[in-house]
Each structure stands twice: as C-alpha cells, then as structure tokens.
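Novice: We have chain W already, so just place chain A on it with the hints.
Residue numbers (this note's numbering), protein chains in the order written: chain W, 9 to 173; chain A, 68 to 348.
Misleading hints may appear alongside valid ones.
Stated by the list, open to error - Examples of chain W residues lying across from chain A (beta carbon under 10 Å, computed): (1) Val68; (2) Gly69; (3) Ala72; (4) Gly74; (5) Glu120.
Stated by the list, open to error - Per label pair, the in silico range of CB-to-CB distance: (6) W:Lys125 <-> A:Ser268: 19 to 29 Å; (7) A:Lys314 <-> W:Gly115: 44 to 54 Å; (8) W:Ser60 <-> A:Asp189: 13 to 23 Å; (9) W:Ala168 <-> A:Ser268: 20 to 30 Å.
What the hints assert, rightly or not - Taking lysine-lysine and the BS3-like style, the derived pairs with C-alpha atoms no more than 30 Å apart in a straight line are: (10) W:Lys42 <-> A:Lys338; (11) W:Lys93 <-> A:Lys338; (12) A:Lys156 <-> A:Lys218; (13) W:Lys93 <-> A:Lys235; (14) W:Lys93 <-> A:Lys218; (15) W:Lys151 <-> W:Lys125; (16) A:Lys300 <-> W:Lys58; (17) A:Lys298 <-> A:Lys314; (18) A:Lys184 <-> A:Lys235; (19) A:Lys218 <-> W:Lys42; (20) W:Lys58 <-> A:Lys340; (21) W:Lys58 <-> A:Lys292.
Just so you know, the hints here were simulated from the structure itself, not pulled from any lab data.
Ideal Cβ placement from N, Cα and C applies to all residues, glycine included.
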Amino acid sequence: MAGAVAKKCLSPLALLSRRLSAPELVFKSCYHQKVVDHYENPRNVGSMDKNSKNVGTGLVGAPACGDVMKLQIEVDDQGKIVDAKFKTFGCGSAIASSSLATEWVKGKTLDEALNIKNTDIAKELSLPPVKLHCSMLAEDAIKAALADYRLKQHDSQKKAGRVGN
Amino acid sequence: MFPLGSLRIICSPRAARHPPWTRKHGASLPNAATLSPSMAASFHSNNPPWHNGVNFREFGKVEFYYTKTVFSSKSCCTSQIKPHCWNCKRLLEKTSTFFCKSCQAIQPPEEGTTYFKIMDCDYTFTLDTHKLQTRYLQLQRSLHPDNFSQKSVKEQGFSEHQSALVNKAYTTLLKPLSRGLYMLELEGVPLEEGTDSHADSDFLLELMEVNEALDEAQTPEEASKIGQCMKGKLADLTEQIDAALHKGELHAARALLTKMKYYTNIEEKVKEKLSGFMSNI
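Chain A with its partners taken away, still in its complex shape:
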C-alpha cells in the first residue's frame, strides 16, 4: 500500500505530525513542497509547528486523507468486514478492537471510530488529560511498530497505522482548542474557512490592541503580563465552551472557539517573545 520508505518513518515523532499519506499525496502534484502542511505551518510565524499541532486548516486536510487511506487499506487488505479478526476470522470483542482476543493479532483501525473512542475518553470538552496521557502511553506500549519487527508485513502495517492514529488522537484531544474544534467537526459544524465577515469589530479591535501592545513590549514583565491576561481569558472561554457544548449550542461554541483560536495565537506569540528575551540575555 505504501512505499516501504514511508512506512519506516511513520513511527517517528516527525512522521506523526506529517503522516506519509499526505506527503505521498503531495508528491504526486507538481509543487508538492508548497502544498505540504509542514511547510505552511512552519512559515506561520505564530505557530511553532510541532507544539500547536499544525495549522487547523491543514489539520482538516490531514484528516481527510487519513480516512481515505483507512478505507482503501481495508478494501485491499481484508476480505472480512469488521468486527471479525482478519487472521483467525473470529468475532472481535467490542471493547478492545486493537487486538484479537483469541489469536492476539493486531487489527487494522476500526472504521468510523473517533479519537474519543480510541483514547477511551468520555465525549466531553472537559476531559481528564491525566487519564488521556496514561491511556496514550499504554496504547503506544502495545501498538508501537517496534514491537512488530518480527511480525508479518501486514501486521507491521497495521501497527504503524494504529500507532500513528493514536498519536493523532492524543495530540488532538490534549489541547482544549484542537479538542473543541474536533468536537465541532464531529458535530458537523467545522470552523469556517476564509474571513470573519460577521466578526465583532470591538473584538477585532481588542485583538489588534493586544497584538500591538505585545509588539511594543520591551521587557519580559510586560510580555508575561499580556500572557497572564490571555491565560485568564482562555480559562474563561474554556468554561463557556464547555457550557455551550453541554447545552448543544454548537454555533455559540464555534464562535467561542474562534475567539479561543485568536487568543491562543497571541499566547503563542507571548511565548515566542519571552524566549526571545531569554536568548538575548
């Protein structure tokens, strides 16, 4: 399915954020490099490419390619449809779909699964990140491709798929912003592309002023003061988003998440600025 070269790197942290299928897709186009998410994200001065988990516009694309890959891998790898084990053909247990209980073989990613299901988390905005982390480590311990070097190529492939998927699920659910955006995507109201035509002009003015203040900040104290202010606003927003999602007010939640995106950008810039001060000393 994949060229071997790209399969090899799937388990590296770098591969987790630039899955090979996007690269493969890009490589088939003439200006592959300009299309790749990694580059767009790295040029995006406010987002450290790894930390912020790639610009969300690209994030959506990655998603799309991923599902495509999953479907095609299924159709060509197994004649059996889930929930049967591809190896021993027995019915899989609903609770654990990563491995077959009877023959212990690793299974391909489940179709139509969500990151919440993979990470065994409640479908809620205020999820327990500690539990998420534990689950992540636990899953990677069993799914990581290093464990499958002696197994068949097919199993290696499944392990690489699963492990990459778990990485993606973990990074998406870890941060409130990406978690919220993902939830909106699942609910069918993703963030709009393009410009904020009906944005509140007072809000934009506020953003402009905060950005200018940060730009002019001469001391680390001034910068971190802005950072504190953003932190407070983000905490407030988190609460509001949780409330909105609980009530099922998806459009309100989307508006709040948009605000969160702007504030998170500023927070990132504060961090950048502070590290700039540090390196000047």
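For reference, chain W alone in the conformation it holds in the complex:
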C-alpha cells in the first residue's frame, strides 16, 4: 500500500529525471509505430502529370507549421481512383498522414474518398493532439484533389458540349 503510494508520488519525478538524462530514448518511443513506419517507408511518393485529364491535384499548406502537401489522384472511366501519389514537405506526422491517405483513397470511388475524415487518419496513426492538424492537412489535400479532378471533368464536358453544338 505504502509502496504503491510512494510510487505514485514519485512517478512524475521519475519521468522528469528520465527525460533529462536520456531525452532521445523517450523521443523514439513517443510516436506510434505506424507513424514511424510511414515516415521511414512512405508509400506512393511521387508526382503525376498534373495537366492530364484523369489526374486531380490537391495542393495545401498549414500556415501555423509551414508544411506543404501535394496529393494527386488518377481516376479511371468508371470514376474509381486507381492510383494516388503524394509529396509532403513537413514533419513526420504530415508525411505519415499523407502516405496513409494515398493508401486509403486507392480503389475508392470519388464519393467514398470524400468520406475519409481527418479523425480516421488521426485515429489510425494515434496522432497526439498537437499533431492533429497534420491529419486535417491530409483530409484537405484529398478534398482539394477531388475538387480539382471534378473541375477538370466539368470543364472538359463543357468543351465537349460546345463542340457538339
């Protein structure tokens, strides 16, 4: 009993001393394994031709931390996302969020992809509260890419309509 109480009282101090003596050790274990995995082996890094009709490009930035993220989707004739690529210049969480986002959008229809929420990304990666904005950035990037694709389709339909008339 007394031992437990003593342990409870001392545990904040133990954390303090540990952080002071070996900070690197603690940093390593702070991020969830999935973040580290995506950070070290990012999926689908790259670029697509942003002028292609089947490609939607989303470019977003986070003013508070200065991260920039580009997410591109390739859509087939059935309206299904067949490929996705990303490029992110920012912190580990932003890279992991966008890497995960590209994995998730692949194989989805446009409407399904629109339903991906930042909370899902944050949950999957167990992001700490101060890094939630990274998942928001990924969600916005998906939305921006979808909007860009739809705009392109809309424009080409219009053109096609004009030619037809």
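Specialist: The following block gives chain A in isolation, referenced to the frame of chain W:
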C-alpha cells in the same frame, strides 16, 4: 508552488525552452510524453528544436500555461496587489518593476506585461536586436537564480520566474518571425490553426518547386543558392510586414507572416542540408 525538482532546472537553457509548468501539466495526463512540446518540435524535421524556438503551435500553448502560472503564483504568494513591494509593502516605481527600490527585494513578474516592456524595447517590428541583446544580458545578470541561492525560497522562486520569462521574451523578440507572430497575438489576430484553405495556389506551387529543387540539390552550391534566394525573400517580407504593421493592416501582416513561416522552414532545411554536406566530406 512547484516541486523543488522542477524549480532547480528552471534556470538551465533546456528549462527555458521547456518550462517546467508545461512539463508539470503534461505529467498529469496519461500520455505526457506525446503531448510535450519538446518532443513534437524535435520530431518536426525542419525545425532544430532549440534554434527555432519550438513550433509555434506549441509556443502558443506554453504562453497560455505561463500566464496561468503567473496568476496563480500571485494569488497564493502575495496578499498585496501590484504595484506594492511584497516585502516592505512600499509602492514600486513604475520604471523598474523587477526590484523594489527601497528594500532591494526581487518582485514577482508583473501582471499583464508584454515581452516588449520586459525587454524595454519599442513596440515595433524593426526593433534594435543589439539593444535587445544588451538588455537581456543586463537583466539576466541581476535576475539569474544563481544570485539568489542565499535568499529566501520565495525570492528564489521569483528569480526563477523572472529569469525564465526574460529568456522567453528574448528568444521571442530576437527573430523577426516569432516577433511578428507575437505582435499579432498581442493585437488579437493570431495565426490560424489548421490548413490554409484560401492559400494562393501559385504560392503553394512555388513552395513545392523550391522544396523539390532543394531535395534534388546535389552540391552545396545549389543548396546555398536556394538559401540565398530565401534570404532575399525573407528580407523583402520583413520590410513588407513592417509597413503593414505600421499601417495597422493586421490581416495583411498575418498573411505575410504566414509566407515568412514557409520560407523560414525552407531556410532551415537549407541549413540542415548544408550541414549534411559538411559532415559527408
């Protein structure tokens, strides 16, 4: 007020950037480590944790905890309200609130003060950093906890508070970016959290291209060329921000500071890349 252990380290440079009250706050939560600013900043690959003065999102938080601490320390430490000396109860002089003129006792941090007041600087974006540095050294010479080892616990506490506050004020005002952000905060238009929904897409495209170019840079010359370019842009921005703040165009200033944040990030990456080249030789 604080556990003694955390008071001890308040004067170390490390403590200055991770004030114990944030740590204390974090320690009361289950996943303390994941919440602490130090860690978030260190993982943030573009910001060397110390140099850049912690990611600004966390910076805001630190601020918040700090004021909380100040208020509570006041309410429990002194029954007298400022501007009376807690020790001899005499009225404090307005010009120097760090020490009481009559009994020489160190005073607790003044409520509602700003970093500009602490550092005795004009409230302007283009402040004299040389003067700031002189003032910083001068203040720390008199406020540093080392000078108070023979004094009462209360005075030691005040010295630690004041000294940490001066550190924070100095690092915030030293760099144009953090200084500008702090000014916006004082004016009530802090940088938005979340994403840049109405960001200029051309600007984002430019950032993307510069980042890619830096990523692909093979030689130190290429990297430092990008660094020079950023320096030029930052200098231009500094002028524009100063002009905007002078005119009271706060939203314009905020947009410019956002740009500055992006460019500063790239500048940091250039430095990282250059030091990478250096270590490969």
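Novice: Could you check if W:Gly69 really has its C-beta closer than 10 Å to a C-beta on chain A?
Specialist: Hint holds; W:Gly69 Cβ to chain A Cβ min 4 Å, cut 10 Å.
Novice: May I ask you to test the interface hint for W:Glu120 with respect to chain A, counting a Cβ-Cβ separation under 10 Å as satisfied?
Specialist: violated, 22 Å
Novice: Check whether the Cα positions of A:Lys156 and A:Lys218 lie no farther apart than 30 Å.
Specialist: holds, 18 Å
Novice: Taking the closest Cβ pair, is W:Val68 under 10 Å from chain A?
Specialist: holds, 5 Å
Novice: CA of W:Lys93 to CA of A:Lys218, is that 30 Å or under?
Specialist: Distance ~63 Å between W:Lys93 and A:Lys218 Cα, so the pair is violated.
Novice: Under the criterion of a CB-CB separation shorter than 10 Å, is W:Gly74 in contact with chain A as hinted?
Specialist: holds, 4 Å
Novice: Can you confirm whether the C-alpha distance between W:Lys58 and A:Lys340 stays at or below 30 Å?
Specialist: Holds, at roughly 28 Å.
Novice: Measure nothing beyond the straight line between the CA atoms of W:Lys58 and A:Lys292; if it is 30 Å or shorter, mark the hint as holding.
Specialist: It holds: about 27 Å lies between the C-alpha atoms, which stays within 30 Å.
Novice: Hey, A:Lys218 versus W:Lys42, does the alpha-carbon distance stay inside 30 Å?
Specialist: Violated, at roughly 51 Å.
Novice: Measure nothing beyond the straight line between the CA atoms of W:Lys93 and A:Lys235; if it is 30 Å or shorter, mark the hint as holding.
Specialist: violated, 41 Å
Novice: Between A:Lys298 and A:Lys314, is the straight-line Cα distance small enough, at 30 Å or below?
Specialist: holds, 24 Å
Novice: Could you grab the alpha-carbon distance between W:Lys42 and A:Lys338 and see if it respects the 30 Å cut-off?
Specialist: holds, 29 Å
Of the numbered hints listed earlier, those contradicted by the structure are 5, 8, 13, 14 and 19.
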